[in-house]
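Chains as they are written, first to last, in this note's numbering: chain A, 1 to 319; chain B, 1 to 328; chain C, 1 to 309; chain D, 1 to 301.
Take the hints with a grain of salt, since some may be wrong.
[Stated by the list, open to error] Taking lysine-lysine pairs in the BS3-like style, the calculated list, with each CA pair at most 25 Å apart, reads:
#	chain 1	residue 1	chain 2	residue 2
1	A	Lys-267	B	Lys-93
2	C	Lys-79	C	Lys-267
3	A	Lys-21	C	Lys-3
4	A	Lys-36	B	Lys-261
5	A	Lys-21	D	Lys-130
6	D	Lys-130	D	Lys-198
7	D	Lys-198	A	Lys-80
8	B	Lys-33	B	Lys-149
9	A	Lys-267	A	Lys-287
10	C	Lys-304	C	Lys-225
11	A	Lys-117	D	Lys-210
12	D	Lys-198	A	Lys-117
13	C	Lys-7	A	Lys-21
14	C	Lys-267	C	Lys-82
15	D	Lys-210	A	Lys-87
16	A	Lys-287	B	Lys-199
17	A	Lys-86	D	Lys-198
18	B	Lys-93	B	Lys-132
19	B	Lys-199	B	Lys-132
20	A	Lys-80	D	Lys-210
21	A	Lys-87	D	Lys-130
22	B	Lys-33	A	Lys-267
23	C	Lys-225	B	Lys-149
24	A	Lys-122	A	Lys-71
25	A	Lys-79	D	Lys-210
26	A	Lys-79	D	Lys-33
27	A	Lys-122	D	Lys-198
28	B	Lys-149	B	Lys-123
29	A	Lys-71	D	Lys-210
30	A	Lys-21	C	Lys-304
31	A	Lys-86	D	Lys-210
32	B	Lys-149	C	Lys-304
33	C	Lys-3	B	Lys-149
[Unchecked claim] A few chain B residues facing chain A, derived, Cβ under 7 Å:
#	residue
34	Glu-43
35	Thr-44
36	His-153
37	Ser-156
38	Ala-191
39	Gln-192
40	Gly-216
Simulated from the structure, these hints should not be mistaken for lab results.
Glycine included, each C-beta is placed from N, C-alpha and C at the ideal position.
One letter stands for each residue in the lines below.
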Amino acid sequence: MTQLLVETRGLRKYFNTSRGKLHAVDGVDFSIEEGKTLGIVGESGCGKSTLGRVILRLTDATEGEVLYQGKDILTYGRKKMLDMRKKMQMIFQDPYASLNPRMTVSEIIAEPIRIMKTLEDKQQINRRVYQMMNVVGLSGRLVNAYPHELDGGRRQRIGVARALAVDPAFIVCDEPVSALDVSIQAQILNMLMDLQEEFGLTYMFITHDLSVVKHISDDIGVMYLGQCVELSSSRQLFERPLHPYTQALLDAIPMPDPDHAMGEILKGEVTSPIEPSPGCRFANRCKHAHEACLGQDIPVYQPFPGHQVKCVLYQEGAE
Amino acid sequence: MSEAFFTIQDLWVRYVTDHETVYAVNGLSLSLKRGQTLGLVGETGAGKTTTALSIMRLLPPRVSRVDQGNILFNGVSLMDLSEEEMRRVRGEKIAMIYQDPMTSLNPVMTVGDQVQEVLELHKKQSRRALYKRVDELFAMVGIPPDRKKEYPHQFSGGMKQRIVIAMALACEPELLIADEPTTALDVTIQAQVLQMIAKLKDELDTSMLLITHDLGVVAQTCDMVAIMYAGKIIESGTVHDIFHNKDHHPYTEGLFGSIPKLTVESRRLSPIEGLMPDPTNLPDGCAFAGRCPACMPICMAQEPDYCQRASHAIKCHLFTGENRGEAV
Amino acid sequence: MHKYVLKRLILMVPIILGVIFIVFTITSLTPGDPGRMMLGMTASQEAVDKLNEELGFNDPYVVRFAKYLGNIVRGDFGKSYKNNQPVFDEIFARFPTTLKLALASITVTILIGIPLGVLAAVRQYSKLDMISTVSALFIAAVPSFWLALVCILAFSLHLGWFPPNGIGSIAHYVMPTFTLSVVYAASILRMTRTTMLESIRQDYVRTARGKGATPAQVIWRHALKNALLPVVTSMGMSFGGLLGGAVVIEQVFGMPGLGTLLINAIKMKDIPQVMAITIFLATLFCTIMLLVDILYAFIDPRIKARYTS
Amino acid sequence: MTSKTANWEFSEELFEEYKKKSQIAEVWRRLKKSKTAMLGLFVLTTIILLALFADLIRNYQSMAIEQNIMNRLQSPNSTHWFGTDAQGRDLFARVIHGARISLLLGFSCTAISVFVGLILGSVAGYFGGKIDGVIMRILDSIMSIPAILLSLAIVAVLGQSIPNLIIAMTVAYVPGFARIVRASVLTVIGNEYIEAAKASGLGTFRIISKYVLPNAFGPIIVEITMSVASVIKAVAGLSFIGLGIIPPTPEWGAMLSESREFMRYNPYLVLYPGLAIVLTSLSLNLLGDGLRDALDPRLKD
């Protein structure tokens, strides 16, 4: 069995709003093996981006643990955390907003190296920047270009090079391709997969697009209103989606095949994650909903080995 | 009934600023039959939105230049209409749904007033009839009519798009232009909205020009498809032609290779290498030649013609002239 | 909505307290001898010392501040050193002049600035746009008191159209109003133009045109209301500037308003009077900003929603 | 595969090149394109040069200060380009020596206000919460007093001198700058690249100084030019009502004040000092307008 690299236990993140506590992430447990990819899928407002930020400590968790090689990094002090950041990096969603418009391509890629002091000598840093640019397929003449001079695909390559510059083991990819055109999206996805093989990277891949996540992930977690409603291997999830929400999500994707009829369409909209009442959060849109879904929190069932689902329909399976 | 009631003939549109000239649409032609849905597919910068705005005659003034072309609607050239006549076409005969429901509604007007405004502009009727019609429209798109006194910020993205649709369909237009109507929405909401548009379109017997980058959306909603690259249509045909025929423009092949598929078991995608050509400096010959895996010397020098087979047209040297035999 | 107004009124209290604190602190640094000023040069040193002691001028700073605050709460802002009358008597006597000038000026500012700004934006790059923006840029560089001098020179001394000073008739207010408002009108014009240009490019304006709305409807119904939001705030701020500007302009035109009173009080080191005028004008300004905020909520339902929920 | 698409050789020169292509040069290149900004810069430079070399052009003591009743109220002529005032002093000499005071006050007040405003505004904007609340309430209080009243009160209390004027103006101008800085900071910290900097382990201070402020710099530098003009006008206003610079020191506002009673028959007395104020602030405003466009890195050219 391979080693677990990252694990979360009972991770929660609440935000205070004027209308009450917003449960952005509400008790999420998962683990990622070294060298593998965990896809996190969900629609807007499900808390998937917050989850990524909490794991990287870009925002403080309300409760829970984030284990990296078995140690809880949420307890780390400033200095130790800075060391940790060399191992955990992030690729951001918006290739336009995630690059400082006043810095050149080489400055942006060199920035994490300078801050974390993985390299001191200027020429070494430059060599590293050069190496990273080559790895992500950026031409040398862009060394001194500014981000606004480049297209979305190239900018996203800069973001990837910046994340890779300090030689991390774990990268959170927060919707890295959703702002890109399909042809460019495919280029970046292929590149991310190549880099994973080349450097043995571990990914947490956050996206709203099930078909993208299918290509890149070994395991997939489906989130709905702050909770992980289904977690399994990618193959199992697509062959046998268990949670009614996962099924609805799969049905909603328009297939590029005119003979394939649209599936059943999910009614209603995502409700607000502010002060949710106990019970299944999907119940009000779910065609299988009944009394057992409301009133108390739904535990996680495991009807099949390695396939977890948060839905009372699978109650027997757990017993 | 089967005659084309809407045609664009050889449309050329440029944007000219002090610094540069962007060649957005370069000789685009398409036609649409009554009751049909045409999917106009392309990536960012292909000229899709420029085409839509040219039809509505809402291109940004001063910088945009329509150099050539004609747009015929029920046999009348929209280009020849006066601004006042065109104003009466907009919203009544041709209506538009926009990409971003967050910004396309006026934040300081109630949604009811915004829907009502279209009716006031085009239909003379009593106050009472007007209010009744607004209520009907809200009910039609699945929003309780008593919410019409609320402001856009009180609605979710999907709800706002429903309001935009109610606005577009208020006068029962003959042609509906939907510019990426679901791109900004979540996938489950997208499904709801697409289904609703399809249903209402049928009920009102409206024809639709659906602009999108999503081949899945096209497959599920369109009768005809036109694929755009660098301001031109490089392939067009029925949905069947595009999704089931063997022969395709290499760019279309590339697009299909780029989309991650749920049904196929493969890890790697087969993307198109390289980038869209710079719209300020388009190459001679075929605009796709630089990225094309099947590029031939002639592609660099000479622009290909359309190869027409029944309803299916491909603008590629692989299928024209002496190359015809080899490729097929 | 009234809940929001109440909330904002309560928020005004610390600001006014802050103003009183600042004004008190500044004036308490004044070297001077209030007793001597009140009794005059002929009074004996003993009498002066006694008066200073009685009035509490020898108390520690904190004690004096607390006393001053206490008196204000009771509505007592002190008496003028000059005529030993309650300071507000004089303020109320002078205020109408200043208020008339300020109201006339803000009205002219709005009437010139906003329509011209809208027109300049709608006809961007036209002759009208060029002329109005260039002249706005030029006027923004002109100090209002100099403009006032030039006006007196031209229209009073040479042409004799308007009286150069005094407040007897409406004619007396023409030049002061013009010189005070034209500078602010220039800045409002520029601002309206910028926000309008931004607003015209918004998606919802395109939606309105797509509906078949007439150009006039698009501009007045859809674009302007959104463009006005930042302009309204700026107008509130301008009113503060106008009150300040009135101080100088009143001097040029010899108008017996609050500004003239203030400057005389400063020159005479009549501290209670200076403090009262400053606090009065600051409170007035705060009230106007409150009205602006309420107006803002009235225009923009998003702001209203934020406060009423 | 992707690594094969961009094989290029490493060369140190490629990395060195960017020093030459500095941002200042870039801004300058764009600024040069604006005719009005260049006009503003030219006029401003001329005024600054006249102020710097005022002593070489016209002697301060003998031309600008000493009274010379024999020469009083001469219309502009070849010796006295701008004429002479009621005390027989050369108006041209007084105007160019006045430029010194105005520019000195304008730039020094702005510099101090910007410095204090940068600190207060960035602290308030970046940390938010209670710190923000306290700072902003204090600044709100100061801003509720119309700037000129506040300066008037301070000058009246501290006495009329150049340092006191600087203090008075600075107090009045700090809140404005702090607000602009704060607003810019708030816009900037909403950006994802700040998150990216945090993910790279960047500390608070460096995020402010390296990411937040440079990106907030555009609106601030524009405001600086506008503020210099505004201070110059405000000082002139104070002097005009007799509560700023005291005569016989040549200050434009004070000169206007002195000229009032003679202006009917000697209009040049109000013309030249006034034009000096207008030209100085106009040139600064034109420059500020041009800078606003030139400093926006997103504007393509």
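Cross-check of the supplied hints:
| no. | hint | result |
| --- | --- | --- |
| 1 | A:Lys-267 / B:Lys-93 | 32 Å, violated |
| 2 | C:Lys-79 / C:Lys-267 | 17 Å, holds |
| 3 | A:Lys-21 / C:Lys-3 | 23 Å, holds |
| 4 | A:Lys-36 / B:Lys-261 | 21 Å, holds |
| 5 | A:Lys-21 / D:Lys-130 | 20 Å, holds |
| 6 | D:Lys-130 / D:Lys-198 | 22 Å, holds |
| 7 | D:Lys-198 / A:Lys-80 | 15 Å, holds |
| 8 | B:Lys-33 / B:Lys-149 | 38 Å, violated |
| 9 | A:Lys-267 / A:Lys-287 | 9 Å, holds |
| 10 | C:Lys-304 / C:Lys-225 | 15 Å, holds |
| 11 | A:Lys-117 / D:Lys-210 | 17 Å, holds |
| 12 | D:Lys-198 / A:Lys-117 | 15 Å, holds |
| 13 | C:Lys-7 / A:Lys-21 | 23 Å, holds |
| 14 | C:Lys-267 / C:Lys-82 | 11 Å, holds |
| 15 | D:Lys-210 / A:Lys-87 | 24 Å, holds |
| 16 | A:Lys-287 / B:Lys-199 | 22 Å, holds |
| 17 | A:Lys-86 / D:Lys-198 | 12 Å, holds |
| 18 | B:Lys-93 / B:Lys-132 | 21 Å, holds |
| 19 | B:Lys-199 / B:Lys-132 | 22 Å, holds |
| 20 | A:Lys-80 / D:Lys-210 | 23 Å, holds |
| 21 | A:Lys-87 / D:Lys-130 | 35 Å, violated |
| 22 | B:Lys-33 / A:Lys-267 | 33 Å, violated |
| 23 | C:Lys-225 / B:Lys-149 | 18 Å, holds |
| 24 | A:Lys-122 / A:Lys-71 | 34 Å, violated |
| 25 | A:Lys-79 / D:Lys-210 | 21 Å, holds |
| 26 | A:Lys-79 / D:Lys-33 | 48 Å, violated |
| 27 | A:Lys-122 / D:Lys-198 | 22 Å, holds |
| 28 | B:Lys-149 / B:Lys-123 | 21 Å, holds |
| 29 | A:Lys-71 / D:Lys-210 | 32 Å, violated |
| 30 | A:Lys-21 / C:Lys-304 | 22 Å, holds |
| 31 | A:Lys-86 / D:Lys-210 | 20 Å, holds |
| 32 | B:Lys-149 / C:Lys-304 | 14 Å, holds |
| 33 | C:Lys-3 / B:Lys-149 | 22 Å, holds |
| 34 | Glu-43 | 4 Å, holds |
| 35 | Thr-44 | 5 Å, holds |
| 36 | His-153 | 14 Å, violated |
| 37 | Ser-156 | 6 Å, holds |
| 38 | Ala-191 | 4 Å, holds |
| 39 | Gln-192 | 6 Å, holds |
| 40 | Gly-216 | 3 Å, holds |
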